[in-house]
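Novice: For this one, chain P is given, so just place chains H, V and A with the ligands on it according to the hints.
Residues per chain, in single letters:
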Amino acid sequence: MIESTYRDAIRQALLDAMAVDPSIILIGEEVGLYGGAYGVTKGLIDLYGPERVIDAPISEPAIVGAAVGAAMTGMRPVAELMYVDFIGMTMDQLANQAAKSRYMFGGQIGVPMVLRTQGGTGRSAAAQHSQSLEAWVMHTPGLRLVMPATVNDAYHLLRQSLTQADPVVFIEHKGLYTMKGALDVDTPDGAWGAPVTRRAGRDLVILSYSRMLHESLAAADRLAASGVEAEVIDLRCLNPLDMAPLIEAVKRTGRAMVVTEAVVTGSVASEVAARLSETCFDWLEEPILRLGGEDIPIPVSPALERGSIPSAQLIHDTARWLVTREAPEWAA
Amino acid sequence: MIESTYRDAIRQALLDAMAVDPSIILIGEEVGLYGGAYGVTKGLIDLYGPERVIDAPISEPAIVGAAVGAAMTGMRPVAELMYVDFIGMTMDQLANQAAKSRYMFGGQIGVPMVLRTQGGTGRSAAAQHSQSLEAWVMHTPGLRLVMPATVNDAYHLLRQSLTQADPVVFIEHKGLYTMKGALDVDTPDGAWGAPVTRRAGRDLVILSYSRMLHESLAAADRLAASGVEAEVIDLRCLNPLDMAPLIEAVKRTGRAMVVTEAVVTGSVASEVAARLSETCFDWLEEPILRLGGEDIPIPVSPALERGSIPSAQLIHDTARWLVTREAPEWAA
Amino acid sequence: MNAVTKPANTAALDRYRMMRRIRSFEERVGELFLKGESAGSMLHLSIGEEAVVGMTAAMQAGDTFTTHHRGHGVFIGRGGDPARMMAEIAGKEDGYCRGKGGSMHIADRALGHLGANAIVGGGIPHIVGAGLTYRNTRSGQISVAFFGDGAMSQGILYESMNMAALWHLPVIFCCINNQYGMGTRVDRSAGHRDFPGRAEAFGLNAMRADGADVEAVHDAARFLAGSAREGRPGFLEIDAYRFYGHARMDKSPYRTPEEEATGRARDPVANARARMAAEGLANTAELDAIDTEAGTEMDHALAHAIAATPPALATMFQDVYAPGTPAPRPHAARLMHVLGEGARA
Amino acid sequence: MNAVTKPANTAALDRYRMMRRIRSFEERVGELFLKGESAGSMLHLSIGEEAVVGMTAAMQAGDTFTTHHRGHGVFIGRGGDPARMMAEIAGKEDGYCRGKGGSMHIADRALGHLGANAIVGGGIPHIVGAGLTYRNTRSGQISVAFFGDGAMSQGILYESMNMAALWHLPVIFCCINNQYGMGTRVDRSAGHRDFPGRAEAFGLNAMRADGADVEAVHDAARFLAGSAREGRPGFLEIDAYRFYGHARMDKSPYRTPEEEATGRARDPVANARARMAAEGLANTAELDAIDTEAGTEMDHALAHAIAATPPALATMFQDVYAPGTPAPRPHAARLMHVLGEGARA
Ligand SMILES: Cc1ncc(C[n+]2csc(CCOP(=O)(O)OP(=O)(O)O)c2C)c(N)n1
Ligand SMILES: Cc1ncc(C[n+]2csc(CCOP(=O)(O)OP(=O)(O)O)c2C)c(N)n1
Ligand SMILES: [Mg+2]
Ligand SMILES: [Mg+2]
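Protein chains in written order, with the numbering used here: chain P, 1 to 332; chain H, 1 to 332; chain V, 1 to 345; chain A, 1 to 345.
Any given hint could be a false lead.
So the derived label-pair ranges between C-beta atoms look like this [unchecked claim]:
| hint | chain 1 | residue 1 | chain 2 | residue 2 | range |
| --- | --- | --- | --- | --- | --- |
| 1 | H | P245 | V | P326 | 33 to 41 Å |
| 2 | A | Q60 | H | K180 | 51 to 59 Å |
| 3 | P | I247 | H | D184 | 46 to 54 Å |
| 4 | V | N9 | A | H192 | 36 to 44 Å |
| 5 | A | A345 | H | T324 | 17 to 25 Å |
| 6 | P | Q313 | H | E3 | 29 to 37 Å |
| 7 | H | P245 | V | A333 | 29 to 37 Å |
| 8 | P | V185 | H | P245 | 51 to 59 Å |
| 9 | H | D184 | A | A345 | 36 to 44 Å |
| 10 | A | A303 | H | D186 | 55 to 63 Å |
| 11 | P | A165 | H | D184 | 54 to 62 Å |
Stretch-level coverage of chain P by chain H, calculated; a stretch enters the list once three of its residues show a Cβ under 8 Å from a Cβ in chain H [stated by the list, open to error]:
| hint | segment |
| --- | --- |
| 12 | 76-89 |
| 13 | 94-101 |
| 14 | 120-132 |
| 15 | 138-146 |
| 16 | 280-291 |
Dumping the calculated DSS-like pairs for lysine-lysine here, alpha-carbon to alpha-carbon at most 30 Å [to be verified]:
| hint | chain 1 | residue 1 | chain 2 | residue 2 |
| --- | --- | --- | --- | --- |
| 17 | A | K35 | P | K180 |
| 18 | H | K174 | V | K35 |
| 19 | A | K35 | A | K251 |
| 20 | V | K35 | H | K180 |
| 21 | H | K174 | H | K42 |
| 22 | V | K251 | H | K42 |
| 23 | V | K251 | H | K174 |
| 24 | P | K251 | A | K35 |
| 25 | A | K251 | P | K42 |
| 26 | V | K251 | V | K35 |
| 27 | A | K251 | P | K180 |
| 28 | P | K42 | P | K180 |
| 29 | H | K180 | P | K251 |
Hint data in this document are derived by calculation from the structure and do not stem from the laboratory.
Keep in mind that this is a model prediction, so the values were computed, not measured.
Note that the Cβ used here is the ideal one computed from N, Cα and C, for glycine as well.
Chain P on its own, in the form it takes in the complex:
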């Protein structure tokens, strides 16, 4: 058990995985000499050479497409999109090619690749560099979707992603790279694919992932101060999503909210809320609430950016409202 940043944990996962699996190659813009736009791949090119750590031209569609072809022929490529916001131009290669090849070809050809990228707000990077686009990925059968929130998960989920037979979209959060936490390279936080309860509680369940997990945990702490005990569950592996533990928790507490940073309309939060609403119907005391990004592009102004996504305060207030039925001030 050591202390590590989220960034270093990801780097360590790549480093360790590449050491044991020579078929792993990295392809992406600035992953080599530059060491990654956020420093995640620093030094890997020195260790593994330019044949395995490949600096690519600014050609996102072909980067993803090349990863597909490399995966089909025996490599285990890690393609990197510098920002998830660039996924738009790659959705054909991702959703029509990577995701569907195994199926279309009757099981003959798998695509064991990982698409690493990062998303989210927090750097005033404006509308084209701050998005959370996991919902597009979740709507695509054949893809796996993973979004680590903790340092330990950053390591283990990436290691586990690098053993999957199918394409994994692995989305980091730009606001977490410098976060510190415990890393135990021998012990994952939970089984691959399973949600992890980060905090137990009896009054309501807050379901979240990626950076919003931390806002949710902060909210839960504040809630506890006023006697409301929130259970906080980290979804981690969003698709396929293991619903059983979520259903158990929601049935137990009767109240739940799903918290994401993405635009709420059409979000992962909506999917999870819809599933819980249908399966836990008779157990619910209150509707499943969704908290997410406002239904707007991300503005560059720091204050507006911050105001457009959930904060610990908003999560706290809403949860309290849900449990105590006392409306917060802003809901007057």
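Specialist: Just chains H, V and A with the ligands, lined up with the frame of chain P:
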């Protein structure tokens, strides 16, 4: 009031709109000489010439991008994607450019364009030519999303789309082109943006759109035969979505299901179900159900393709189950 | 990993036989459709483009390739089994892809077919990835992307060519220019019509060959394959003509009978036959025998496809993810969980 | 729509003044960041690339353009107001985009600025659409896309160039080659480094000009603009050097001090100043006055930006859709509907 096919209604809308608005241009593959892959634009090039009906190279990203630029400079372009399945390679131009320009530029530059395309199953066209990808569009603030189910809507919603100041994604259904129905060029089925009740009923509400509306109506007919009266609402304009009439209907009946052809995980059905579950909580007798495409790519085998999406029978059986609590045979 | 070198004349006869088999196969695909036995109508025949055999014959065992929606001929050229292909086109369980892919999505991992693609240009970047694999493992393999003139308008082609040149990959971009993308003649889609010129500008070894002459294609292909194997990526334009409509429903009203007559006169199969005869590599009886044999083979493929059984409904949930991972849950099961017994408190 | 023709020497002096203003502006952007007053750190300075003025000066009133993430200089060249630009970079309400866009998303419809783009290559196809507008309306306008060498790897550029050539559009693709895309020198991203050659292969009028010499750029630009106005699209590579890091946080460890010294010696501003003096177009005092004036102007812009007020929180819901359409409903309102009074039966 005349009888028309869905295809001809769309063509008529383009024809009429182009006659009154010289800024309308069409850009797409095979929209000119060929008359459109599904014959929708037949003859328009003869009427309006190749400067307004522009046959484009197979360059979907640049087709959408060119439409954005034309819209910014005073044209009202109708870009066509031959299949919605090709939207993947255009999501950058659509979601980062068309959708966000007005916002990013502080309201200075609007993008009044229409992206016409078609989707859905029914032709054994396999995994890359049969999808329903409206959920990606719905998750993008700044875009409007319209999916007509009737002949009259095919005409009027397109005419109305061609007066919007913002980008509209207009998705037709390949299985509806030859469908006949009444066209009244003077009278729309409903107001722009508003859902339309296609059939009244007291026992449950079925919410649907595009081709699944017709399966839902057929199901409602069968349900009526056994005494279950389903209200069927056509969502039509999916984003922004006018929830008020949906909420009213669901509160009134206490039971609802949302039916779509898209892969259900992360679908429009999930969004609508989540919204109704939260707003109608105390009025619900049963959970809001979602029926959609199975969570798989579309197989080419006609039987498998058919089996992967809801049929009138499945909708009927599920609705009956929801109302009477008698499980259908297949649920044994 | 060197090809067994046959005497040149035998090889030329083999190429003729292969082209004839392709043509016969495609004719049977047309019949399959007319009999109402194909899965859908998205069938794109490669009749007129058989000289692609010049390229497939320049490849070796272990080499891989991707094709476009008009890829039957290429695959037969690389050893595809016509019976399993036809069964796939009919959407049957013992087709190459268990009836899930159909005409536009045939693949065969064993023969190096990394997949036909229904997205114009969609399969092109995959050879860049394959090329990285072969470069890194020094396996001596090459990978070839086959695509139409229409894909010359897809940006991903240029991104891929640039990468291939930059990374010195053992790959070839093979453009089968049949003069049309659906109803659009190539001069209506290309601002400037020198396709090898474009490839050259990206640093590729670029050639054009006459698609009416399989031996000319083969000469160019052999040269390019040899260079590619040494890390110099290539581009080959095969200048051909699409004899029939775009897909089975298209009657090509956008072209004149005269143009079609001229185009069809550029027949690589007929030309090769005439050449075999003229050069004394085979006499008429021998050539007739080849033709008959091809016809019989493809009749059998057709019969097989029609007789084969369609996939069981439950197979639709298989192969979304790898074996061993839970399949997607069918809605029926989900609904039972929501409405069935035990669903209520 | 013809530009007023000024005596050549005055115009050259104007171009010098413009370049100096750009440089001063960018220096102030650096200060804004160091003072912690910029919205974020994604600020890309165009220092070293001021010769782009040779292109902007060849455009006319009514012409339009798009820029990339390093577009401040281009916009100043087209008349952008430094105070409103700086305010936008600071994320303020009276910035060009009301504090919503920031450095990478400045636009000004009135001056023909169709928008800066943070997607490499994202703004390029927009000029194709603008070109269609001008072609169809015969307005005599042209549209110019400004982008970096990095965008030479984006497929959409080639799709756009092909369309421009095919449709004879009045457009110019202007590549500001500053030798780097972030840390990647252009020889590590281009398999073959002849960019005008690529454009030529697509049928464009293609040129390269020395980015250390604004007059050379201007000569090429004038020629290309004239041709473009007649429907012959053009491509211009401005061969320059990125003096500083990619963005404000980047210290360029991936290049040597020697390389930077050589690169920075290719200074278009210093060169122009020397030339003005040498050719007697202005004496040192006059040139100093220009420089001082530029500095003062940009000091004011900086002060203005810092003093300006940030946008009110509620403005975040504005301009998602056009005025007159309902704004997206804030979550607070939605939650009230769900949990507030009247939400329960
Ligand atoms: C990305 C994409 N755009 C459009 C289509 C529709 N489409 C299918 S085939 C075709 C023409 C392709 O022409 P070409 O590449 O020359 O191949 P050919 O059909 O001539 O063999 C088009 C436009 C598609 N399948 N994929
Ligand atoms: C599509 C896309 N890919 C990657 C990036 C990240 N990125 C921003 S600027 C840049 C380098 C661009 O280089 P160039 O086009 O030469 O412009 P320069 O910064 O040199 O002016 C990269 C890779 C991006 N913004 N958009
Ligand atoms: Mg073709
Ligand atoms: Mg650059």
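Novice: Work down the list of hints and note, for each, if the structure agrees.
Specialist: Hints and how they fare:
{"no.": "1", "hint": "P245(H) to P326(V): 33 to 41 Å", "verdict": "39 Å, holds"}
{"no.": "2", "hint": "Q60(A) to K180(H): 51 to 59 Å", "verdict": "54 Å, holds"}
{"no.": "3", "hint": "I247(P) to D184(H): 46 to 54 Å", "verdict": "49 Å, holds"}
{"no.": "4", "hint": "N9(V) to H192(A): 36 to 44 Å", "verdict": "39 Å, holds"}
{"no.": "5", "hint": "A345(A) to T324(H): 17 to 25 Å", "verdict": "23 Å, holds"}
{"no.": "6", "hint": "Q313(P) to E3(H): 29 to 37 Å", "verdict": "59 Å, violated"}
{"no.": "7", "hint": "P245(H) to A333(V): 29 to 37 Å", "verdict": "32 Å, holds"}
{"no.": "8", "hint": "V185(P) to P245(H): 51 to 59 Å", "verdict": "56 Å, holds"}
{"no.": "9", "hint": "D184(H) to A345(A): 36 to 44 Å", "verdict": "39 Å, holds"}
{"no.": "10", "hint": "A303(A) to D186(H): 55 to 63 Å", "verdict": "60 Å, holds"}
{"no.": "11", "hint": "A165(P) to D184(H): 54 to 62 Å", "verdict": "55 Å, holds"}
{"no.": "12", "hint": "76-89", "verdict": "holds (count 5)"}
{"no.": "13", "hint": "94-101", "verdict": "holds (count 5)"}
{"no.": "14", "hint": "120-132", "verdict": "holds (count 3)"}
{"no.": "15", "hint": "138-146", "verdict": "holds (count 5)"}
{"no.": "16", "hint": "280-291", "verdict": "holds (count 7)"}
{"no.": "17", "hint": "K35(A) to K180(P)", "verdict": "28 Å, holds"}
{"no.": "18", "hint": "K174(H) to K35(V)", "verdict": "23 Å, holds"}
{"no.": "19", "hint": "K35(A) to K251(A)", "verdict": "18 Å, holds"}
{"no.": "20", "hint": "K35(V) to K180(H)", "verdict": "28 Å, holds"}
{"no.": "21", "hint": "K174(H) to K42(H)", "verdict": "16 Å, holds"}
{"no.": "22", "hint": "K251(V) to K42(H)", "verdict": "15 Å, holds"}
{"no.": "23", "hint": "K251(V) to K174(H)", "verdict": "20 Å, holds"}
{"no.": "24", "hint": "K251(P) to K35(A)", "verdict": "52 Å, violated"}
{"no.": "25", "hint": "K251(A) to K42(P)", "verdict": "15 Å, holds"}
{"no.": "26", "hint": "K251(V) to K35(V)", "verdict": "18 Å, holds"}
{"no.": "27", "hint": "K251(A) to K180(P)", "verdict": "25 Å, holds"}
{"no.": "28", "hint": "K42(P) to K180(P)", "verdict": "18 Å, holds"}
{"no.": "29", "hint": "K180(H) to K251(P)", "verdict": "48 Å, violated"}
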